[in-house]
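Enquirer: Chains A, B and C, in that order, give the protein sequences.
For the first sequence, our numbering assigns the number 1 to the initial residue and increments by one for each residue that follows.
For the second sequence, our numbering assigns the number 431 to the initial residue and increments by one for each residue that follows.
For the third sequence, our numbering assigns the number 960 to the initial residue and increments by one for each residue that follows.
Keep in mind the hints are simulated off the structure, nothing from the lab.
Remember, predicted model here, so these are calculated numbers, not experimental data.
In this text, a Cβ means the ideal position worked out from N, Cα and C, and glycines have one as well.
Treat the hints with care, as some may be off.
As the list claims (entries may be wrong) - Here are a few chain A residues that face chain B, going by a calculated C-beta distance under 8 Å:
1) W5
2) T7
3) F71
4) K74
5) D75
6) D77
7) P79
8) K252
9) E344
10) Q348
11) R353
12) I362
13) T390
14) A393
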Amino acid sequence: MSKIWVTSYLTEHSGDDAFVTLSGYRARGGYEAARKALTQMSPDEVTEAVKDAGLQGRGGAGFSAGLKWSFMPKDTDKPKYLVCNADESEPGSFKDRLLLERTPHQMLEGILIAAWATGAEKTFVYVRGEYAEPGRIVERAIEEAYAEGVLGEKVLGTDFRHDVVLTYGAGAYICGEETGLLESLEGKKGQPRKKPPFPAQYGAFGMPTTVNNVETFCHVPHIVRHGPDWFREFGTEKSPGTTLFGVSGHVKRPGLYELPLGTRLDEIVFQHAGGPPEGRKVKGVIPGGMSMPILPASQLDVPMANEFLRERKTMLGTGGIMVMDDTTCMVRVASVVTYFFRDESCGQCTQCREGTGWMHKIVQRIERGAGAREDLDVLLDVAGKMEGQTICAFADAAAWPVQGLLRHFREDFEAHVEHKKCPFPESFEL
Amino acid sequence: MRITVDGREYEVESGRTILQALDDLGLLMSEVDIPHYCWHPKLSIDGSCRLCQVEVEGIPKLQIACNTLVQDGMVVRTQNERVQRAREGVMELLLVNHPLDCPICDQAGECKLQDYAFEYGVPHARTKEPRRALKKRVDLGPTILLDQERCILCRRCVRFCCEVPETGELGVFARGDRSVLDTFPGMELDNPYSMNVADICPVGALTTKDFRFKIRVWFLEDVPGVCTGCANGCNVHLGVANNKVYRYVPRRNDAVNETWICDAGRLSYREIGAPDRLQHPQVRGADGRLAVVPLADAIAAAAGRLRKTLDGHGPGAVAALASPHATNEDLFVLRRLLAALGAETAGFAVVRGEADALLVKQEKAANAAGARALGFGDAASVLERVRSRDVRALVALGHDVLGAGHLHGDLSALAGLETVIWLDTHRAALESAAHVVIPVRHAAEKDGTLTNHAGRVQRVRPAVEPAFEARSEGEVLWRLGAELGLDGFEGGYDVRAVSKALAEAVPAFRGLDLDAVGEGGAPLHGADA
Amino acid sequence: MVISEQGRAAIQKEMARYPEKRGALLPALYIVQREKGHVDRETAIALAELFEVRPIEVLEVITFYNMFYDRPQGRHHVHVCTNLPCSLRGARSLLRELEAHLGIHAGETTADGRITLGHEECLGACAYAPMMRVDESYHEDLDAAQAKSILDGLE
């Protein structure tokens, strides 16, 4: 069961078992925002409100949700779809799991509002296959919503019809990429599609589609209920709202923290999460899931919002904060990271398929003590060759962390080369 | 709309991608170099090899030329340092796991990995890591072998099987750097077009069992020609060395066969050097047996026998069967010969078989349409007059009449003829009825044109010389006409002159002499080819 | 019949949920896998018939996803997450202990066919490391003793 240490509007009631049920959710004002949107607001007004609120997608890329909705064609007779991306697989991220398990109706309400705004007739909720238990909780919530007229032919008693279909992935990180997800949803290998066409034109089953992350949907009822100005009271000017930071690794209180965007990383790591175990120091922190470059201990005084993190050559990603203390061998970290991306590359694009494997082999060899100094340059060069050149952002996601590790912890790699073995006896085991 | 590529402006069609637009103009890999692996002009766009990245003004990232639609005023750069670096990157990464077994690889010499590595990249990757070990010799089916280690996963073959024969035998299993090409266990790559996958495979992963290890490709001269397996007339390159045709590979002609050829047609090159080629002129002697004679003697014997029939029964007693395998020029000489003799009975037969929706046509001969265009009708009328004994002498070109059903497998209909002069490339049962047998050349051994099913006149040229004395049907008939002292057969045989005369005399062929039709052929007047 | 009547009925029901029936291929693979533990060649062919696709397309999908198997598996799947957050908190040591406990390596199945042991990429339980997934359930904040006793309790 997911634990949460600091809550705000998204997770205020997440500790309350009743909140998982439709009646419990309604007792706390649930579905009133959807009712307001469907009965008092035009679809464009809803989209404008979400745009004005400045809600950025919470799946990793941080693209404006309202803007994304506005890409959906208005003058089409094709059915339009929404997809809720519940394929949470970014290492270091476990926030959507809590939202699925503890706030399924909040997500469904967000979906309904987005459906109204975009004119979508159906939403596919794509849950990663490993989330069988959270998935079943959402399935029950969907059943309840149908039974109570929240979903189906007459949503909340209006003439708006909306259906929600929940489906499961089957163990492939790449299906978190929106077009990989669409392929998978269509019963195919989850290999991302070349763009154009973009999903808003040609999405699920060839129909106009918008894909949003679980958490993104969860913010929407709050924006509709309280208005964009209220939402903007949280977070920074450019990155409004709260988010669920997941803290893991070498800290005293790993877990989830719902905090405004722009909360400083050191505040999260040291104050909220209690810092590293006694007698240890922080060596480095990955701020936004494994795809995002690491920061050294000296650079943690950064607000957790993209406009600040970019200056440090990293990004917010999914807000998955991984803390490594001073026992940690960064070459081992690189080994775990490169293994992951090698394992999960879909294999379509040359650079990604071959680059991920090559990087992992080089790192493994360095870790074994069989590396040479020039291997470090080859590593950086391979990462550079992968970056920005492929169908989807996976290759960038594989290249960036390697670049980050070499940017800030090159001496760890050099020490392996020099001593011909790992010089960190207390480091985590590989 | 107009686009600028490397400083030169081109008029292109909208709705096309950069690679398609340049391919439409015939400039790709000639005037404009954009190397590519997964893209193929006749297959759907994959966009995964990433080698065709180019710089498009106004777009920060490099774009793949295969999937980027042209826009009016678009400015494309294909040769600057940034693009070169990206190409080097792709090339090096493709070589990380490649076995680099060029010395023992049959693709060497026509390998795009070799070529592009030389031209755009690095000779090998800087990797010190073990390369992936996979199956080196997977028997995919009756025609193709797969070396999984050499495969660069461009998936051209996968798309080909799905999109062209629509049989979809190939797929890529697993993912990432474990991805591997194969068939479903226990199922084979087996379709009438299967061998095309070896042509479109840019590396040595897919090779045909037929050609494998026969000869290094750099010893081969590619002679443009036409497949004679059926009436489609697929354009091919004949791979020639040591006066031998080693293979046919399809030659692109969007009006005929795009870039494909069927397996049966591809393997029909074997007919050229087949052991059952008719090799010796023969004349049936008084003892009733065929005896080998010099060609001149065979022609003299033929002329003597024809003269006898003419003298005894008049020109109405001479008839001819045209061959749908002979060239337009050969058949034009036949037409002239019959006209000079005053003989009016002529026709042709063609063997029919299965057709498909793609390339394969029912008529199993390369020039039935030419025979028709030159006025030859159905052989049935000829055989009727043979049976009725109105015809006493028959000049038979080829032996399609046997397989086409006109004789119902029974040569006795020919028994009443006092003379059968038979010209053919291969041995056949007609031999038993023939009084004079004259070997002739295959389309791969002579100059001329063939008219395909849709009326496209296409050039053939001598790729090899027969190892025995054989001339074209046209030349044999010309010499026969000369021997008979007929008008219009003066001087030596000159196929160019005949071709010109054909182009002048027959309206459908106006302007279509063999030098005028070009490499891609040209339609008969009135044909929609 | 390679796929049971109930299986077929469940697959038909799934097909109706998608605009195109192929959308139900992943759910269908789960359905057949629940019956046999893996999707063998004949089942893949039978599925291809149901979905009007080629068998190779089914096998491509099976081999692309971690959670589908084209060869026999143990009755239970035990996966230790070994991604970074879990590794930082001892997941690899845990996996070694379980390997020793079961006498097999990750990726192998016990001789009695009871357990297939594996390691898996991030399972979304980063703060509760180390953890393992046993079939459809998560077990979090584990130590070796707890993990072994969970394994011992599997039938």
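Enquirer: How about K252(A): closest beta carbon in chain B under 8 Å, or not?
Expert: violated, 36 Å
Enquirer: Once the shortest beta carbon distance from F71(A) to chain B is found, is it less than 8 Å?
Expert: Since chain B brings no Cβ nearer than about 18 Å to F71(A), farther than 8 Å, the hint is violated.
Enquirer: Against chain B, with CB atoms and a cut of 8 Å, does the hint on T390(A) hold up?
Expert: holds, 6 Å
Enquirer: So, as I understand it, the hint says I362(A) touches chain B; can you test that by seeing if any CB pair is closer than 8 Å?
Expert: Constraint on I362(A) satisfied, holds at 7 Å.
Enquirer: How about E344(A): closest beta carbon in chain B under 8 Å, or not?
Expert: holds, 7 Å
Enquirer: Should the interface hint for P79(A) be scored as holding, given a Cβ-Cβ cut-off of 8 Å against chain B?
Expert: violated, 25 Å
Enquirer: Is the shortest C-beta separation between D75(A) and chain B less than 8 Å?
Expert: It is violated, given that the least Cβ distance between D75(A) and chain B is near 21 Å, above 8 Å.
Enquirer: Given a cut of 8 Å on the nearest C-beta pair, is the interface hint for W5(A) held or broken against chain B?
Expert: violated, 36 Å
Enquirer: Should the hint that R353(A) touches chain B count as held when the rule is a Cβ pair under 8 Å?
Expert: holds, 5 Å
Enquirer: For the hint on Q348(A), does the least C-beta distance to chain B fall short of 8 Å?
Expert: holds, 4 Å
Enquirer: Under 8 Å is the threshold here; is the Cβ of T7(A) close enough to any Cβ of chain B for the hint to stand?
Expert: violated, 38 Å
Enquirer: Do the numbers back the hint for A393(A), that is, is its least Cβ distance to chain B under 8 Å?
Expert: violated, 11 Å
Going down the numbered hints, you'll see the structure goes against 1, 2, 3, 4, 5, 6, 7, 8, 14, while the others check out.
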